[in-house]
Amino acid sequence: MRDVAIIGIGHTKFGRATKMSHELFSDATLQAMDDAGVELKEIEALFQGAALPGFEEGQVMPAAFSAADLNLGPIPATRCEGACASASVAIRDGAMWVGAGEYDMVIAGGVEKALMMGTSFASRTFAMACHAPTEGPVGLTFPGVFAMAARLYSINYDMPLDTVREKMASVSVKNHRHGALNPLAQFYKKLGDLKVEDVINSKFVADPITLLDCCPFSDGASALVLCSAEEARKYTDEPIYILGMGQGSGGPLSKMADLTKPVSRISSAKMAFKQAGLSPEDIDMLEVHDCFTIAELIALECMGFFDWGEAADATADGQTEIGGEIPVNMSGGLIGKGHPIGATGASQVYWVVKQMRGEAPRGNQIDPVPEYGMTDTLGGDFGTLCHFILGRSKK
Amino acid sequence: MVGKEREEMEKELKGYTVLTHAEYEEGIKEGKLLGLRCASCKKITCHPMPVCQWCSGRSLERTELSGEGELMTFTIIRVPAEGFEDDVPYIPCLVKTKEGPCVVGRLDYDAERASQVLISKQVKLSGAYTHKGDKFSGGTHTCPVFEVIG
Ligand SMILES: [Zn+2]
Numbered sequence: 101m102r103d104v105a106i107i108g109i110g111h112t113k114f115g116r117a118t119k120m121s122h123e124l125f126s127d128a129t130l131q132a133m134d135d136a137g138v139e140l141k142e143i144e145a146l147f148q149g150a151a152l153p154g155f156e157e158g159q160v161m162p163a164a165f166s167a168a169d170l171n172l173g174p175i176p177a178t179r180c181e182g183a184c185a186s187a188s189v190a191i192r193d194g195a196m197w198v199g200a201g202e203y204d205m206v207i208a209g210g211v212e213k214a215l216m217m218g219t220s221f222a223s224r225t226f227a228m229a230c231h232a233p234t235e236g237p238v239g240l241t242f243p244g245v246f247a248m249a250a251r252l253y254s255i256n257y258d259m260p261l262d263t264v265r266e267k268m269a270s271v272s273v274k275n276h277r278h279g280a281l282n283p284l285a286q287f288y289k290k291l292g293d294l295k296v297e298d299v300i301n302s303k304f305v306a307d308p309i310t311l312l313d314c315c316p317f318s319d320g321a322s323a324l325v326l327c328s329a330e331e332a333r334k335y336t337d338e339p340i341y342i343l344g345m346g347q348g349s350g351g352p353l354s355k356m357a358d359l360t361k362p363v364s365r366i367s368s369a370k371m372a373f374k375q376a377g378l379s380p381e382d383i384d385m386l387e388v389h390d391c392f393t394i395a396e397l398i399a400l401e402c403m404g405f406f407d408w409g410e411a412a413d414a415t416a417d418g419q420t421e422i423g424g425e426i427p428v429n430m431s432g433g434l435i436g437k438g439h440p441i442g443a444t445g446a447s448q449v450y451w452v453v454k455q456m457r458g459e460a461p462r463g464n465q466i467d468p469v470p471e472y473g474m475t476d477t478l479g480g481d482f483g484t485l486c487h488f489i490l491g492r493s494k495k
Numbered sequence: 027m028v029g030k031e032r033e034e035m036e037k038e039l040k041g042y043t044v045l046t047h048a049e050y051e052e053g054i055k056e057g058k059l060l061g062l063r064c065a066s067c068k069k070i071t072c073h074p075m076p077v078c079q080w081c082s083g084r085s086l087e088r089t090e091l092s093g094e095g096e097l098m099t100f101t102i103i104r105v106p107a108e109g110f111e112d113d114v115p116y117i118p119c120l121v122k123t124k125e126g127p128c129v130v131g132r133l134d135y136d137a138e139r140a141s142q143v144l145i146s147k148q149v150k151l152s153g154a155y156t157h158k159g160d161k162f163s164g165g166t167h168t169c170p171v172f173e174v175i176g
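Chains F and S, in that order, are what the protein sequence lines are. If you use my numbering, the first sequence corresponds to residues 101 to 495, in order. If you use my numbering, the second sequence corresponds to residues 27 to 176, in order.
Straight line, CA to CA, 30 angstroms or less: simulated DSSO-like cross-link-like pairs of lysine-lysine:
no., chain 1, residue 1, chain 2, residue 2
1, F, K355, S, K68
2, F, K303, S, K147
3, F, K113, F, K289
4, S, K161, F, K119
5, S, K68, F, K361
6, F, K119, F, K289
7, F, K355, S, K158
8, F, K334, F, K374
9, S, K122, F, K370
10, F, K290, F, K119
11, F, K355, S, K150
12, S, K69, S, K122
13, S, K147, F, K355
14, F, K355, S, K124
15, F, K361, S, K122
16, S, K58, S, K150
17, F, K361, S, K147
Covered by chain F, per the in silico footprint, the following chain S stretches (three or more residues, Cβ under 8 angstroms):
no., segment
18, 99 to 105
19, 125 to 135
Calculated directly from the structure, the hints in this document are not laboratory data. Virtual Cβ for every residue (Gly too), placed ideally from N, Cα, C.
Put together the whole structure using the sequences plus the hints.
Next comes the structure, spelled out in structure tokens:
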């Protein structure tokens, strides 16, 4: 496969948007194209992550209309859906086509507009990414699934649930601290000095997950211009290379051997490391899928950054902050930055690229700039997992 | 002459499902947890799948599980999805059956008293919960309900 590079990035302000989904996606795409200095006619295909557009705006087939909104002509435009990992699926598919030599330049990204649905209906539609036949009638929600995982984490590692909750809360405190410094984040200038007690004492959504253990519902879009590595330097002095990609699939909760060790995530991360020829020790920063606080701990362990059961203490100990073993979610993560589900995977890549360019917000920027970064995106209750390993230089 | 006899094509139509999901749900309503026994590895698959959940074996026959097992984990839903407002608070749970497979269901227990000590307790199938469904659920669906027995 040919090497693939990211030459342009775009990202709308996350939070409540008045624009419609296609407008948000066009905003992010044009920003990415301006960033890359490429013209519309150079784009050969479009890959768009969008999880629930049919419920949000009564729109299916949004990718074709996005291509039309940008006057991209009759190029192939494909919607990719893997629930909250939709954009990462889109980026991986786009990169595969470029890598395979079919296209030299594509747009890949995602969009979501969930806030207008309101908590009740949004929870219903998000829960559609649970296994409908068995988890549907139970009334399981995503916070519910991760609440079950948190209780199991406590049992597996013989750590009292109250202690697990404190360590989980430290994820929210950290990610909100970062989000509060990020002008594109939903909670910019908000919740930056959150305390562990605030998280623990906020309302239960699904016991033991509280409101402040959760990421918000969000609107937003993010897009990337992907290009073959041999062409990339024509457009930019600082292409960021996609060194490794992984994707894994899970299934119904009841078929999982252990909710705290999802095989889909372990397998996807391994796939990415293998392709990159790198291991966790080589990675300088992470953007991981902290849809709920416990999810960040599980992600770090599955990806091999901490031993089983050790991410909780490490996080509470500051090991996932700047200066620790591995800075995690310097953008604010899903918790601080917001989680427009169809866009999140592209947003994660966007913030890794920003870090590598030295363009992250002051206070969140890692110094010196990271050489290797990695993203982790999760769809559903471990149903779709994607990982990207990015680097400032080719292997 | 090219083309295939239509009668032959009709004869070839065949389902690969030994136990359908609808039959599984009917079983729960009758107080039975139905599953499949694999001829290759002898293990039990539940909820039903077209192949063995352990070894992917294709030779399956129907069986009935004891309905007993161990509570693996649970949660108490306080903020429900649309359509579940009347149930709040309720307790989704994951049960590892005596026969091996796990099943997701509801736990029949006082939500205000439910705590971490429930985990690992023995439970048994005590009923069925049928949700009324909505425009998106493809009709009503039923899940197992468990009670703590020790
Ligand atoms: Zn078998």
